[in-house]
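Q: The task is simple: from the sequences and hints, build the whole structure.
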Amino acid sequence: MKRREFLYLGPGVCMLPWSIPGKSPEGQAPIPEPHFPSRLYQFVWRNWELANTDRMAAVLQTKPAAVLGLGASMGLPKKRQMSEDQLARLYITVIRQNWHVLPEEQIIQLLGWDRQRYEFTLKEDDALDIKLGLKKPRCAPLDL
Amino acid sequence: MMAREWQKGLPSLEEAGRRTAADRRQDAARDLNIARAAMLYFRSVSNYLRFHLRRGEPTQVRAILRDEIPLAEQFLDICRSDSRVGFEASLQYFYLPLDIREKIVSCRYMMEGA
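Protein chains in written order, with our numbering: chain A, 652 to 795; chain B, 26 to 139.
No lab work stands behind these hints: they were computed from the structure. Fair warning: this is a prediction, and the values are worked out from it, not measured in the lab.
Anything over 12 Å on all C-beta distances counts as not near chain B; from chain A, calculated:
id: 1; residue: Ala680
id: 2; residue: Ala717
id: 3; residue: Lys787
id: 4; residue: Ala791
Using C-beta positions, here's what the derived DEER-type ranges look like:
id: 5; chain 1: A; residue 1: Ala717; chain 2: B; residue 2: Glu40; range: 48 to 56 Å
id: 6; chain 1: A; residue 1: Lys714; chain 2: B; residue 2: Glu82; range: 45 to 53 Å
id: 7; chain 1: B; residue 1: Ala46; chain 2: A; residue 2: Asp794; range: 54 to 62 Å
id: 8; chain 1: A; residue 1: Leu727; chain 2: B; residue 2: Arg43; range: 33 to 41 Å
id: 9; chain 1: A; residue 1: Leu795; chain 2: B; residue 2: Arg44; range: 52 to 60 Å
id: 10; chain 1: B; residue 1: Arg80; chain 2: A; residue 2: Tyr692; range: 24 to 32 Å
id: 11; chain 1: A; residue 1: Gln679; chain 2: B; residue 2: Arg80; range: 16 to 24 Å
id: 12; chain 1: A; residue 1: Ala680; chain 2: B; residue 2: Glu82; range: 23 to 31 Å
id: 13; chain 1: A; residue 1: Leu727; chain 2: B; residue 2: Arg44; range: 36 to 44 Å
id: 14; chain 1: A; residue 1: Glu735; chain 2: B; residue 2: Arg133; range: 34 to 42 Å
id: 15; chain 1: A; residue 1: Arg731; chain 2: B; residue 2: Met26; range: 37 to 45 Å
id: 16; chain 1: B; residue 1: Ala46; chain 2: A; residue 2: Asp765; range: 50 to 58 Å
Yeah, the Cβ is synthetic: ideal placement off N, Cα and C, and Gly gets one too.
A: So this is what it looks like as structure tokens:
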């Protein structure tokens, strides 16, 4: 068993989507999530409780109303505005949830960081990059 | 087995909650919810492993998914009522109600295709 497969068996297993984890060799295609109509819908769902609408819209180069419309079309609950304090505590979750969804530049944009902070966090925040599988899956830029 | 043995203890904890003084009953209920979340977690881990072992066996996979969906629904209720359930301490990320819902959607999707 690979380390990444082992990590997927950790205490968070209750929330994991049941696709095949850890099968993508480093730097290859992201894990497909065919229960979403497209990666765009996956992005909106995955970040609905993690990021504010305006930031999500900026990442997609669209308007907030378009993001809200996508969320509504999936029956998502009313979008909540996250406080700065909440956002500051969610960065690991944001990176993890978007690891197989967005390219690095868009993850950085979603976080509101710069590349230096992003790379430092991956390397120094309790081996976050290792937990995520070391090499970022290749994700094409996402827009609406 | 872990889940089965754990479940045996839940009625005792429920009874203890009923016997708890009124001013502590809310704390007891929250403790009971944590114990229930742990039981659901143990069952889910078991299902997760069996799911991967049985891939390619549609009947088995469907049975596992059929068992897993109500577990996830129960887990979602607990997550929504107690924010302590939702922080994955060893990997330090949060899982939120929509993550549990996604799991349910994913399981239903796979049941249709299994």
